[in-house]
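Student: Top line first, the protein sequences correspond to chains A and C. Numbering follows this note's numbering, with no gaps: position 288 of the first sequence is 422. Numbering follows this note's numbering, with no gaps: position 55 of the second sequence is 582.
Bear in mind the hints are in silico, worked out from the structure with no lab data behind them. Incorrect hints may appear among the rest.
What the hints assert, rightly or not - Facing chain C, a subset of chain A residues (Cβ under 7 Å, in silico):
hint, residue
1, PHE143
2, GLY144
3, PRO145
4, GLU152
5, PHE174
6, ILE175
7, HIS176
8, ARG177
9, LEU179
10, CYS199
11, LEU220
12, ILE222
13, ARG264
14, GLU267
15, VAL281
16, GLY284
What the hints assert, rightly or not - Footprint (simulated), chain A over chain C, 3 or more residues, beta carbon under 8 Å:
hint, region
17, 584-593
18, 600-606
19, 623-629
20, 653-667
Beta carbons are placed, not taken as given, at the ideal position from N, Cα and C, and that holds for glycine.
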Amino acid sequence: MSNRTIIPFGPQHPVLPEPIHLDLVVEDEKVVEAIPSIGFIHRGLEKLVEKKDFIDFVYVAERICGICSYIHGMTYCMSVEQLLKLEIPDRAQYLRTIWSELSRIHSHLLWLGLTADSFGFESLFMQSWRIRESILDIIEETTGGRVIFGAAKVGGVRRDVSSVKLDEIMKKLRVYQKEINTIGSVFLNDTTVKHRMQGVGVLSQADAKSLGAVGPMLRGSGVSQDMRMTGYASYGKIGFTPVVETAGDCYARTKVRILEIAQSVDIIQKCIEQIKEGPIEVKVIGMPDGEYFARTEQPRGEVIYYAKGNGTKFLQRMRVRTPTFANLAPLLATLRGCQLADVPVIVLTIDPCISCAER
Amino acid sequence: MSSISKSPWVIHYDGSSCNGCDIEVLAALMPRFDVERFGVINTGNPKHADILLLTGSINEQNKPVVQNIYNQMPEPKVVLALGICATSGGIFRECYNVMGGADKAVPVDLYVPGCAIRPEAIIDAVVQALGILEKKRAAMNAAAV
Ligand code: SF4
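One chain only, chain C, in its complex shape (with noise of 0.2 Å):
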């Protein structure tokens, strides 16, 4: 294990999303449902990040904006999409301005349905992705031998 795995950074960013699914990830960090004793921190820098939760479905005007999020964070990184408008659109499925789920603009690890997502999955998610973290750097050490 890595010390990345032990205190993974997370950045959120909310696509096109009601502010449900944004409210609960900030409601994972509260005391009741207190991350930080995973050691997960919330960090607004992408360059200190890990982890991408994105919320939100995704249209033209904030594509560019995930992407360079996405660009910016470091290797080995994980993109978490939650709520279901993250993961297909969603209710706003056929809406004019929503292009889909958080796929249409970044490589996802892994899809988080709900709606409104509850801190339970959140939490849930992000200790998987802790494990896909892990093989990443695993392999990203392998290929730099």
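Bound conformation, chain A alone (with noise of 0.2 Å):
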């Protein structure tokens, strides 16, 4: 019998731009299981409703997480929403549609860069932050932030954006998409990055439905599921059908991310083509009451909102279940059985998201 050896992984990492830990159990070169513990990033900023009132509330929801930071504010706001039983103007649902989608592309490419720097494929990564920080220019010249862009608020949106500016932004978006097309076929094609990518941390599709994966790990494995098909925001009108690989390695998961990109640009042009002229927001009356959930399609996976109002101005209860809480069994799953070298990249392909895992 070979001895088993216990090698930890984090807090403090240079593959994790954040915090979390996890002993590798490793017989050989193999890992026999992951353990991992959290609780580095731990804020408690849920209970932050008690002090904080619920229009103030949208800014803390913004900081849950840096990357997905705008879908975290809508969804909040569209649970508030609905307690107040509010209707919001077409426009501000195109609005907060295309800025969901940018944010879906710049997530997607910084997640490309990590994984290329996961395999050790420098100027691969550089060349997706290269163009992330385009998109990040679009969201700058559109709200004025670069990561956190408060452009949501309870009621509608903060901004407006101008039609010139929009078809603007088109134009833009079709010239990256060629050069994020050029990265893409190295991910898919690139003999090397193949290598270190197919038929690695397999995820069955049995397995991802029991273990309640989410987003592109969901999708990777073969389950049409994506939470853009309930229709929320514009979405309904636009139409949406998912992104599905079914290999279940790493590879199918980046082919995924990879041609969701190209699906974002589509939707954010189907937007541009429909929205109209219009108020950009409701006034808000009354107190939130009563119980919701809003659930939305973030670049990770699905999130959940849960509110809970008793007539007063702070809210009483209000929970999270962020995608990356979701993918963390699937990924202790994958992570049993794989090689040591292996682990960054599929730690990496969840595309973990720490903070908001725990908030």
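With the hints as a guide, bring both chains together as one complex.
Tutor: Below you can see the structure in the form of structure tokens.
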């Protein structure tokens, strides 16, 4: 029998911008078990609803995570708007969709870069992030912020975007799309990259379902599920079919994300074609009362916001189930039996966002 | 000027941030802002680092980790608190699991506010940190003579 060794991974580790700690139990080079310990970034912000009123809390919700910041803020607003029974104007819904998709593109590019870094392809990492900066420029031009841009508010959106600007954005996105295709083909066709990803970290369809995977992790294993199918914001009017791959390995998950970038560009185009002039917000009247679950699709998967109001300006309870949390169980399952050298790649392929998982 | 201020090596650790600032730290290393042109290199090993970039606030669990990284860095060293979370706890200051800014764990040389901090601010802070490094080195040399 070979010896078992425990190798600590994290909390401070070069491939992880965020702290999570895994104890990897290895036999020779093979990982037999991965034991996570979390809690390095727990802040306890759900309890802040007792101190900040439901309008101010949008700022906290946006800071649950700095990458999908906008979608967090928007989902929180959606849950409160339901409690207040507000009808959000069409233009605001389209703008919300556009910003959500821009967030998705920049998040996926960020992920592509980090993944390239995890298997040591430094220049691909740089290229992905270079293109991501251009997307951030669009966000900055329309909202004034780069990563946390505060465009969501209860009752609508904070800023309007002129139609001239929207057309400009579309033109730029088409150019960036070409650049993204170029780096995308490196990820999908390069022999070395394929070697590091094909057949690595396989998650079967049955496991993906029973362990409750979400987002590209789930769709990479052949399950066609995406919260955008429920038609929140303006996805209902635009129509949406998720990108699905069946292999369930790191390569499939990468492919899903690359195809989703192209899909996001198309969604933005449809939004820009359909968007009409009109108001961008409604007046907020009343106090939130009752309870509601809002579910949306983040770049990493489905996020659920539960809000419970009691007729005062402070919510009674707010709860978030984030995609990374849901993906932790499937991650541990895929780590079992893998090679030690593949651990960084597999950990990154769930697109971990520890700050939202721990809040 | 010593070699240290020509090419400082930085190490980044995320306390309990929202990720916004961490991503901007990484963005500062990317082609657009490219701090490498100033000789700044990001390292994962505290024993090679001259400047510690801390983002996010401090809590009971990450305090020993931050202190551990700090203690492993060779002298002279500079600590930068990046973002309003690392400066004071920021929007999360009232949370039950937030003790406060980075100075609750280690001595901080420079506070850089912003939420999220912009890469330009990070670059400016690192350039200022070079001056501090240089002063600390001179003080060390003077003490050694
Ligand atoms: S300062 Fe703002 S962006 Fe930076 S970690 Fe704190 S909340 Fe996030």
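Student: Run every hint past the structure and note whether it holds.
Tutor: Taking the hints in turn, this is what the structure says about them:
At its closest, the beta carbon of PHE143 of chain A sits 12 Å from a beta carbon of chain C; the interface hint therefore is violated under the 7 Å criterion. Interface hint at GLY144 of chain A: violated, since its Cβ lies 10 Å from the closest Cβ of chain C, which is beyond the 7 Å cut-off. Taking 7 Å as the C-beta contact cut-off toward chain C, the hint placing PRO145 of chain A at the interface holds, the least distance being around 6 Å. Residue-level restraint check for GLU152 of chain A holds (minimum Cβ-Cβ distance to chain C is 5 Å; threshold 7 Å).
Interface hint at PHE174 of chain A: satisfied, since its Cβ lies 5 Å from the closest Cβ of chain C, which is below the 7 Å cut-off. Interface restraint check: ILE175 of chain A against chain C, minimum CB-CB distance 4 Å, threshold 7 Å, status holds. The closest approach between the C-beta of HIS176 of chain A and any C-beta of chain C is roughly 5 Å, which is under the 7 Å cut-off, so the hint is satisfied. Satisfaction of the interface hint for ARG177 of chain A is found here, the shortest Cβ-Cβ separation to chain C being roughly 5 Å, below the 7 Å cut-off.
For LEU179 of chain A, the interface hint holds, since its Cβ comes within 7 Å of a Cβ in chain C; the closest pair sits about 5 Å apart. At about 5 Å, the closest approach between the beta carbon of CYS199 of chain A and any beta carbon in chain C falls short of 7 Å, and the interface hint on this residue holds. For LEU220 of chain A, the shortest C-beta to C-beta distance to chain C is roughly 25 Å, which exceeds 7 Å, and the interface hint is violated. About 25 Å separates the beta-carbon of ILE222 of chain A from the nearest beta-carbon of chain C, more than 7 Å, and the hint is not met.
Here the hint on ARG264 of chain A is kept, as its CB sits about 4 Å from the closest CB of chain C, short of 7 Å. Annotation: interface hint on GLU267 of chain A holds; nearest CB of chain C at approximately 4 Å, less than 7 Å. Against a cut-off of 7 Å between C-beta atoms, the interface hint on VAL281 of chain A holds, since the closest Cβ of chain C lies about 5 Å away. Because the closest C-beta pair between GLY284 of chain A and chain C is about 10 Å apart, greater than 7 Å, the hint is violated.
With 5 residues carrying a beta carbon less than 8 Å from a beta carbon of chain A, the region 584-593 of chain C meets the three-residue requirement, and the given coverage holds. Note: the region 600-606 of chain C has 0 residues with beta-carbon separation from chain A under 8 Å; the three-residue rule is not met and the coverage is violated. Coverage of the region 623-629 of chain C by chain A holds. Counting CB-CB distances below 8 Å, 3 residues qualify, and the rule asks for three or more. With 0 residues carrying a beta carbon less than 8 Å from a beta carbon of chain A, the region 653-667 of chain C misses the three-residue requirement, and the given coverage is violated.
The structure is inconsistent with the numbered hints 1, 2, 11, 12, 16, 18, 20, although it conforms to all the rest.
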